[in-house]
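Protein chains: 4
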Amino acid sequence: MIKVGIVGGTGYTGVELLRILAAHPEVQLTCITSRKEDGLPVAEMYPSLRGRVSLAFSSPDNTRLGDCDVVFFATPHGVAMSQARELLASGVKIIDLAADFRIKNVAEFEKWYGIPHTCPDLLEGAVYGLPELQREAIRSSRLIGNPGCYPTTMQLGYYPFLKAGLINPGQLIADCKSGVSGAGRKAEIGTLFSEASDNLKAYSVAGHRHVPETLEQLRKMTNASVGLVFTPHLIPMIRGMHSTLYATLNHPVSNDELQQLVEDTYRNEPFVDVMPFASHPETRSVRGSNTLRISLHRPGNGTTLIILVVQDNLMKGASGQAVQCMNLMSGLPETVGLTQLPILP
Amino acid sequence: MIKVGIVGGTGYTGVELLRILAAHPEVQLTCITSRKEDGLPVAEMYPSLRGRVSLAFSSPDNTRLGDCDVVFFATPHGVAMSQARELLASGVKIIDLAADFRIKNVAEFEKWYGIPHTCPDLLEGAVYGLPELQREAIRSSRLIGNPGCYPTTMQLGYYPFLKAGLINPGQLIADCKSGVSGAGRKAEIGTLFSEASDNLKAYSVAGHRHVPETLEQLRKMTNASVGLVFTPHLIPMIRGMHSTLYATLNHPVSNDELQQLVEDTYRNEPFVDVMPFASHPETRSVRGSNTLRISLHRPGNGTTLIILVVQDNLMKGASGQAVQCMNLMSGLPETVGLTQLPILP
Amino acid sequence: MIKVGIVGGTGYTGVELLRILAAHPEVQLTCITSRKEDGLPVAEMYPSLRGRVSLAFSSPDNTRLGDCDVVFFATPHGVAMSQARELLASGVKIIDLAADFRIKNVAEFEKWYGIPHTCPDLLEGAVYGLPELQREAIRSSRLIGNPGCYPTTMQLGYYPFLKAGLINPGQLIADCKSGVSGAGRKAEIGTLFSEASDNLKAYSVAGHRHVPETLEQLRKMTNASVGLVFTPHLIPMIRGMHSTLYATLNHPVSNDELQQLVEDTYRNEPFVDVMPFASHPETRSVRGSNTLRISLHRPGNGTTLIILVVQDNLMKGASGQAVQCMNLMSGLPETVGLTQLPILP
Amino acid sequence: MIKVGIVGGTGYTGVELLRILAAHPEVQLTCITSRKEDGLPVAEMYPSLRGRVSLAFSSPDNTRLGDCDVVFFATPHGVAMSQARELLASGVKIIDLAADFRIKNVAEFEKWYGIPHTCPDLLEGAVYGLPELQREAIRSSRLIGNPGCYPTTMQLGYYPFLKAGLINPGQLIADCKSGVSGAGRKAEIGTLFSEASDNLKAYSVAGHRHVPETLEQLRKMTNASVGLVFTPHLIPMIRGMHSTLYATLNHPVSNDELQQLVEDTYRNEPFVDVMPFASHPETRSVRGSNTLRISLHRPGNGTTLIILVVQDNLMKGASGQAVQCMNLMSGLPETVGLTQLPILP
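In order, the protein sequence lines correspond to chains D, S, R and W.
Just so you know, we're using the numbering used here here: the first sequence kicks off at 157 and counts up by one.
Just so you know, we're using the numbering used here here: the second sequence kicks off at 157 and counts up by one.
Just so you know, we're using the numbering used here here: the third sequence kicks off at 157 and counts up by one.
Just so you know, we're using the numbering used here here: the fourth sequence kicks off at 157 and counts up by one.
Among the hints, a few may not be true.
Which copy is meant is left open, because identical chains are indistinguishable; a pair holds if it fits in one copy or across any two.
Said to hold, decoys possible - Here are the computed lysine-lysine pairs in the DSBU-like style, where the Cα-Cα straight-line distance is at most 35 Å: (1) 376 - 267; (2) 192 - 342; (3) 192 - 159; (4) 319 - 267; (5) 342 - 260; (6) 159 - 342; (7) 376 - 260; (8) 342 - 267; (9) 267 - 192; (10) 319 - 159; (11) 260 - 319; (12) 376 - 192; (13) 319 - 342.
By construction, these hints were calculated from the structure, which means they are not laboratory data.
Just so we're clear, the structure is a prediction, and the values are computed from it rather than from any experiment.
Put together the whole structure using the sequences plus the hints.
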């Protein structure tokens with residue numbers, strides 16, 4: 157059994173980790189910290205866990221995280237970096253669901269997140285936790301920067317075509333739509349039910365923190381210069397992310413070849429489902445599961461390729477992906493604990 | 157492995173059965189019938205099942221249901237009774253999610269459902285599939301009438317107090333609220349998104365089909381005459397049922413005694429969770445799971461007892477309960493395949 | 157033109173007042189105060205008002221409320237009472253949308269609201285602003301305590317029957333359902349979209365602040381002792397309130413007589429619509445309008461009377477009712493500025 | 157008073173016309189036809205209109221539409237063209253909310269709508285009812301093809317820039333999001349609450365009927381060849397449309413110049429609101445109103461221009477725009493009856 161600790165488990169990625177790990181056959185939930193909720197049984201904050209999780213939150217000061225095999229940070233940006241060195245020294249493996257270890261370029265990190273990076277020397281050893289593209293590196297890693305939700309969809313969507321040189325890397329447009337849980341469990345006006353339901357808006361169009369991370373990864377897929385326009389939208393649904401990815405084809409290519417390419421790329425991936433050409437994946441078809449679905453469109457057989465990608469932003473977009481990394485790092489089958497079927501309706 | 161067939165699997169209770177059974181370790185999904193969708197892979201209608209269910213719908217005419225160990229009817233009222241005799245004769249166990257075998261009183265059935273009962277002789281052997289109150293009868297049964305969603309909450313809520321003679325059976329008021337999936341997957345104006353969202357209404361206040369079934373069961377719990385006012389409401393949520401049950405206390409009794417009674421009643425029940433006195437259970441705390449939660453209130457310590465009950469109407473209110481019955485009928489542990497944690501948020 | 161000021165216009169009742177008053181032909185919006193948003197144009201906070209409201213928020217310290225004819229307080233409880241004396245002395249009429257002037261019994265107010273009442277002497281002159289029951293008193297009043305949303309439905313629902321002595325005042329059960337906007341525009345976890353949507357819960361069942369106000373008013377309608385069980389529920393819709401009111405009939409009475417009584421009671425009321433017997437009013441049928449709809453049910457022609465009442469909680473339940481009072485106090489036709497048709501779908 | 161008839165008023169554009177026209181000071185609602193609902197008072201189907209609309213539906217056979225001044229067709233495609241000739245001959249003005257008179261190219265119409273056009277000779281005299289771009293033609297027209305909802309946003313968004321030659325007409329990408337009411341009031345599985353809520357999907361990506369109409373209009377704005385990729389998405393909200401329009405800038409131009417251009421274009425338009433540069437308009441900011449809001453973005457000051465456009469799909473996207481046309485055709489002020497403020501929250 158793997159002894160697992162969670163730092164900062166009061167948010168949505170935290171409770172989603174708990175939902176997964178409470179049923180994971182190889183995991184022993186050992187501790188979950190929250191300074192503010194010290195002593196509160198987790199199931200009192202989240203009654204959905206009554207009878208399934210008996211842990212209480214404990215103050216970080218009184219919690220021996222060093223005894224864990226793996227520690228997840230489901231915390232705001234900046235927390236993981238402050239504790240990583242000590243935990244690594246104790247032999248603990250770390251998976252950070254925030255951005256601290258996602259970006260190699262320290263200047264970019266500091267520019268977008270507005271905080272100094274306190275352990276840039278650890279960045280080199282950190283692995284970007286997208287198993288489909290970094291599987292072997294993750295297996296041997298001890299420090300994972302778990303990808304952002306939007307970046308996961310953009311990378312897995314564009315990857316086959318950038319890699320094959322079929323699309324123009326300088327003209328990528330990602331029109332992305334996220335459910336409200338992506339904003340986290342924070343008391344804020346903008347995500348109140350009465351503000352966010354029966355409504356739709358774009359946000360952060362001038363620049364969103366997921367841009368630098370995505371650019372850094374997309375650049376690995378091509379030698380050419382990458383240009384990305386990223387437009388996130390807030391959608392009145394709890395979970396779910398739908399990315400509508402536009403790209404310009406470089407060469408004459410048939411639709412069959414495009415479809416074949418993406419099917420070949422992901423044929424053996426347990427969590428990537430390539431749907432038939434011209435399908436319309438729905439976010440609810442992955443609700444509560446770790447599956448990401450992709451389909452291709454090419455309106456009028458022209459030069460614009462559309463890649464539709466859906467995922468559950470809390471699963472493949474966050475906590476599910478983190479557990480997928482944990483499985484790899486722990487020598488377990490990649491899918492163990494992650495076989496939940498989507499809830500539909 | 158239990159060979160399982162599903163008759164009429166295109167509705168919401170059907171796809172929920174598929175979600176549960178596709179992950180059930182002791183079940184082999186053998187066939188699923190739909191006259192209209194003959195030949196269509198199930199996963200094309202429900203992409204959430206892609207990669208998990210490879211069955212296709214088959215026409216009832218070409219389907220050897222008689223080879224199954226258990227057949228679920230996820231059909232409109234009246235279908236199961238037309239096929240029950242033959243299947244039982246073939247040694248198949250039947251669980252009907254419609255009303256055909258819920259009500260012993262044939263006249264009542266025919267009055268409320270508007271169709272003649274074609275096999276009243278089978279009713280005597282049929283068992284009402286509410287495991288918490290009929291566990292032993294279910295174990296040895298071959299024909300189950302699976303309870304309605306509302307009746308499950310009313311019975312499990314009122315049972316401890318009616319049995320103990322603490323409340324007046326003649327003055328029960330059940331103000332119940334259901335998510336829209338309770339209306340099924342039928343093309344109807346009233347349950348369109350644009351009609352049912354951002355809206356609330358009561359319906360069928362003059363009389364709802366779940367009344368006769370509930371009365372028949374409640375009468376088993378008391379010698380006195382039962383009077384029930386049942387007011388269902390349609391709520392803009394997909395899943396979830398919240399019953400607010402009112403009763404008048406007969407005798408002086410302390411809140412501790414009331415709480416103790418309901419805790420004692422359900423102490424060993426794997427799917428009934430008694431919450432602390434004066435809690436407010438939320439429907440989302442059981443979303444996607446087979447758990448039903450109960451809490452008690454007594455405003456001003458007066459003579460009115462309020463029993464709050466929540467469940468997922470498609471799980472404990474329908475398909476989850478049906479699989480719970482199947483487990484019992486098949487000699488399996490009652491909880492196998494039913495340990496999904498609730499999805500929250 | 158009536159010069160109108162609004163104190164504390166950043167919440168939902170404030171913006172709803174602005175929506176009504178910006179189109180009110182007899183009103184000149186003069187000032188709207190917010191200490192925190194001093195200087196911010198109202199239309200920047202609420203883009204729905206762009207081009208329609210040119211006012212900016214002003215600090216209370218720099219705002220000459222004394223020059224207004226009418227001032228609305230759309231503030232937390234306790235604010236209106238601190239400014240009422242001075243404004244009344246300046247000849248300003250006051251309509252408080254909070255609870256400061258709703259309850260005559262100071263001890264009850266202080267018990268439920270947890271703050272001392274700082275001007276109990278003004279309470280005697282204050283009028284409870286429910287025009288259907290207090291029309292003449294409102295006309296001549298200078299200080300209005302605008303009713304709570306739930307209390308409006310309970311009073312208008314029970315009134316005809318209590319007045320006529322047809323129901324037992326000691327056995328009233330009000331099972332009420334409110335949209336989330338009733339909780340106001342406050343940054344709180346519990347009303348986040350990801351918490352409150354696709355969910356339902358009861359709350360404050362042990363005791364809600366709208367009880368004392370309702371009891372005080374119901375007691376005026378009968379000589380007998382009033383017993384009220386009030387169970388509020390939070391519903392995933394923005395606006396809308398549905399009260400399901402239960403009462404026990406005292407005497408043999410026909411359904412026609414019951415229907416006739418309520419129709420006679422409200423025949424000339426511009427904002428109360430009595431629907432046919434056994435109708436099911438929907439909250440969306442009043443969305444955005446000042447109309448309240450009522451219908452009666454009597455299951456099985458028994459002794460339980462069910463009164464269904466729907467309203468828009470921000471209109472007839474708050475700001476619409478306040479403007480209705482303003483019209484009366486100002487000698488205007490009661491309906492001026494309040495003829496918005498409901499938005500459906 | 158203008159005598160107005162509505163053909164086919166049972167759908168959402170029909171009830172929205174009724175909501176507007178019932179309060180329009182210059183309109184006398186004369187008749188509303190429905191073969192299926194002959195004799196049914198409109199307010200029984202739409203209780204929101206109780207007390208405000210006393211008309212009943214009448215069979216088209218018994219309805220003297222020829223006595224009307226203006227007739228709206230809120231019908232499926234193909235109905236208006238079958239009655240237009242006779243009504244025009246009677247001197248009636250016609251506004252068709254379907255597609256019969258939107259497209260001049262008959263072959264294109266027949267290809268996309270799958271029905272023959274039965275009065276192509278009338279097309280020449282028909283005017284495309286987008287007042288901001290066709291005001292004078294509408295004033296003198298007697299036959300209006302009211303624009304589709306998506307096309308309204310695409311045209312008003314792209315118009316200033318195409319006209320000025322600032323963007324490349326061959327590379328337009330319109331990523332559009334619509335509330336579910338856009339699908340109409342039809343009993344269909346796909347728009348049930350339990351299917352469409354908490355969900356998001358693209359649809360008709362291979363080709364949507366609004367493409368030919370939009371192309372025909374966009375081509376008027378430029379001499380160059382127009383290339384449009386149009387991707388509609390279904391969003392879990394009742395009303396509201398958000399179009400995220402992408403274009404490539406042709407020339408070096410400052411953001412101020414871009415903003416100035418769009419402000420100048422729409423300065424005197426009563427129903428087009430140009431928001432500050434880099435704003436994020438929300439659909440709810442126009443809910444229930446005839447206003448369309450536009451804002452511009454230019455990520456990284458690069459060559460991609462993003463134009464955000466929001467409207468209420470049933471108002472500016474359908475019935476509000478139709479009444480705007482009626483006002484123009486009738487010599488009334490353009491805004492009369494269309495001054496409803498948006499409902500927020």
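Against the structure, the hints come out as follows:
1. 376 - 267: within (21 Å within a copy, 45 Å between copies)
2. 192 - 342: both (14 Å within a copy, 21 Å between copies)
3. 192 - 159: within (23 Å within a copy, 48 Å between copies)
4. 319 - 267: So residue 319 and residue 267 pass the 35 Å test inside one copy only (29 Å; across, 39 Å).
5. 342 - 260: within (28 Å within a copy, 39 Å between copies)
6. 159 - 342: within (29 Å within a copy, 40 Å between copies)
7. 376 - 260: within (12 Å within a copy, 49 Å between copies)
8. 342 - 267: So residue 342 and residue 267 pass the 35 Å test inside a copy (23 Å) and across (31 Å) alike.
9. 267 - 192: Cα proximity of residue 267 and residue 192: in one copy and across copies (29 Å, 30 Å).
10. 319 - 159: neither (38 Å within a copy, 46 Å between copies)
11. 260 - 319: Result: close within a single copy only, 21 Å intra versus 45 Å inter.
12. 376 - 192: neither (41 Å within a copy, 48 Å between copies)
13. 319 - 342: neither (38 Å within a copy, 45 Å between copies)
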